[in-house]
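Could you build all of it, start to finish, from the sequences and the hints given here?
So the protein sequences, as listed, match chains D and G.
Heads up, the working numbering is the position in the first sequence plus 19, with the first residue counted as 1.
The second sequence: position 270 = 266 (the working numbering), numbered continuously.
Calculated directly from the structure, the hints in this document are not laboratory data.
Restricting the straight-line Cα-Cα distance to at most 30 Å, the calculated cross-link-like pairs of lysine-lysine (DSS-like) are: (1) G/614 x G/336; (2) G/717 x G/586; (3) G/717 x G/680; (4) G/680 x G/336; (5) D/38 x G/37; (6) D/97 x G/37.
Below, each chain spelled out in residue letters.
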Amino acid sequence: MGDSKSDVLQGTLDLMVLKTLESMGPLHGYGIARRIEQVSGDTLSMNQGTIYPALLRLEQRGWITSEWGTSESNRRAKFYSLSRLGRKQIEEATENWERVAATMARFLAPS
Amino acid sequence: MDTLRTLFSRIASLFRRRHLDADLDDELRSHIDLAIEENRKRGMTRQQARTAALRSFGGVAQAREAYRSQRGLPILDQFARDLRFGCRQLLRAPGFALTAILTLALGLGANTAVFSLINALLLRPLPVPHSEQLTVLQYTRSDSDPSFSFSHPIFRFLEMRRDVFMNTAAFSDRPMQVRSGSGNVNVPGAIVSGQFFQLMQTPPLIGRWLTPQDDQKGGASSQFGVVISEGFWRNWFNSAPDVVGRKLTIANSPFVVVGVMPRSFIGADPTTRPDIYVPLWSEPVVDAPYDAIASGYHSWWLRILARRSPGVSLQQANSGLQAATNPALQEAISDAEWLKDQREHHFQLGAVAGSTGFSYLQRDFLKPLTAVFALCAAMLLLACLNLASLLLARSAARERELATRLAMGASRRRLVQQLLVESLLIAVLGTAAGVVAAPAVSGALAAMVLTRTPGATLDTTLDLRVFAFIALTAIGATLLIGLLPALRATSRNLSEQIKSGSQTISAHERKRLLPRVLMGLEVALALLLVVGAGLLATSLTRIYRTGLGFDPKGVVNLSLDMNKQPLDGDPLTRWYENYGDALLRQPGVKSVSYASITPMDGSVWTSTYHTPESGGDKEIYMNTVAPAFFQTMRIPMLLGRDFRWNDTLASGRKIILNQAAAKLLFPGRSALGQHVLESGEEKKTYTYEVIAIVGDIHYASIRREAPAGAYIPIAQDTGHKPSYTAVVRLEGPAAPLATAARSLAASMAPDIPPPVMISLSQQLDDSIRSERMMAMLSIFFAACALLVTAIGLYGTLSYATARRTNEIGIRMTLGAQRLQVAVMVFRENAWVAMCGSTAGLVAALLASKALTSFLYGTSVHDPWILIGAVALLVAVASAASILPAMRAARIEPMEALRSE
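Given below as structure tokens:
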């Protein structure tokens, strides 16, 4: 579904979400969005709303699970956590990214 | 794996949509709340915090939409949306929806009904293994159509040959007189030759098949074996498990049950359901006192089915049979003169496909059913054209909406898809309604087809083939109805519409051409149907107005089966006389007589007579009758006297000629008192004295001229145990007579099956059943076509006029009179009707030739019918146009101008 350009973008957002959950543990959608904004600084301009289709996609693939819980400020929120399959996916995707990044770096490096 | 998991999750979500939507809304709300909370902590006011939170979230609606399309199946979702939209569109115009669905239901229902009849009679293979190998044997002669009835000696020769066929079997259907507790009753049966069941290959339910060992002169042992149907086993033997070996008395002779065939087995003729199968060699027993086998090559009564050996094509089988023609004739028949005659007329055996088995009804109804099917197809096409033009007119009313949506970025494909879903909805609803009604209609049609064959049935249930036909037709109809309007409504140049508003008259004119062409085509088709109906109906009334030569009103026939009871000769004649006297004493009975053949009962008996001046043998249509036959039938007796019961052979052979026969045998002089000669068998000559001249009557066909005919008295019948039909002229209801006739027969001849009563008028109707069926259906279709066309003309003109309200307002403001406006609107349909009628007339002149063979005394170019049809259509078109025209004339110019 979709063309190749958005696939790459999707892939990056997916990996960002997975990595966030890996480092932070179970987290609600707002928390994930804020964390990604903070880590990427000004380099990524993202509508927080786009996180939700991505979360659903990851859940459909079985990489994350969700359940309703209570936030630190006593609010009802849906918390997402990484599944076993998700951890495996992080390894695979990370490897993949590093390979792509290295390849791109070779192309971009001044020869 | 991932893809599969995703798919499952998506499908699952389809069923929990509402819950998941609420869940998502909760989640998004909590997201915003969390964001507001954080912003407040940073010191923003409540309002600022909320604005900032929403800004950084982005479009809530977009997020929700993206989430939903990730969650469900977008195509399905879209389809469901289109479907809901289509339903709303239909509900918004319920009159239109109802008309659309009903017209389509009519067209599709009629097609389904006729197709399921065609399927049952002509297409459905026999339910036996490898039915494609089945072959029907026929023979051709240069002087007649192919024939499918064979004589016993030729069949026995063919049965032995195994070169192109694995098995060859003969069969012949007839009722069997089976002894029950209360005397003999008729049970549908079939005489089959030894290889019949091997050929059919359907395994028996209980016991065994009949085999070639059963089909031997005198039976395998002392008595013949029979195979019975599952239904007969259940009803007659109460499903007894030990049925094999039980006795069955058929035609007063003992038979023994050897097997039961399952319900799925229907024999070799798709229109009959034999309950009893007896071996071919038992024919002299079940047919007693007749014996078709003994009459050898004089009797042609067996239909032959064969199964080709694997790998043998129909063509090879055909040439194999052609090559076998001469050996078969030489071997089977020794009459040199007869053989010479066959050679002169190029007698030749042949094979035709037989996967559907063989029934004479298949030959009789191939052409009428094809014609009826063509009528149905025309009706359906007309209904589709009608809906297409109505949808076109309606989508013209929506074109600004569609143009706006196109301009806002909806893809054309998306809009076409949506509009097609709407027509699909109409098609599906129409099909459903049609399919629900179809079985009743096809049942009624089947009854009409089968009316002449007592006990015959046709299985018109909807099978896979019919459903495939329905599906294809429905899809075709959807495309036909919806595609043109959809493409039209979304065509690119329409976006100009949005720029220029609706007042662009020039583009309008061009655009109105297509609906007019569609409506014109519809009118042409309607005219075609009306002309067809006019021709067939006129032909039918002419058949009915034909002077028959007798008066069928008030005459009933009672057919008596006397061939299995003990009386014969003079005692039997006296029995007939007494039974007739007893009938005559019943209330309402005016006169009673007997005849061996009643008019149009389907049988023919000819004989050749000559006189010194006749110039050789003349073929005369014969009948054996009792006294008072002419009085009962109201056939005028022109000269001489009627037969008497004492006109026996001892008093000399007597004959009564009709006028045509008298003219043929005695050209130029009176026949009364003269003698005619009959060359009998073995060079014997019989002399008959002409005792009366009577009027001519139609004998076997209303459509054919009354032939030269002659009558001989019942007391001089030399046949064994002849069965006669009592003809009774009666005033008042017939039902009491039927009861009386039955109880009289039961007391006077306890052995015979109850006599069957039919009115002579019914018999005449039955003899022209295909003509009646075609005339009735074509009138029905023509009436529907007129109605549908009227609705179409009215609907399209109403829409078109409604869209021109503005323009008409301007015209009126500029001084147009109300009458002028009405004429202007009216003229639109007048043009369509004129052009359509002209086209239809040309088509009718070209196509009506196909009807020639169905017509009686009616020219396909009968000017009155053509003129009448055109006048009818013009009248209907005018009637449909008056209301919109009047409405247009009543438009108030100021209101019209303000409305845009």
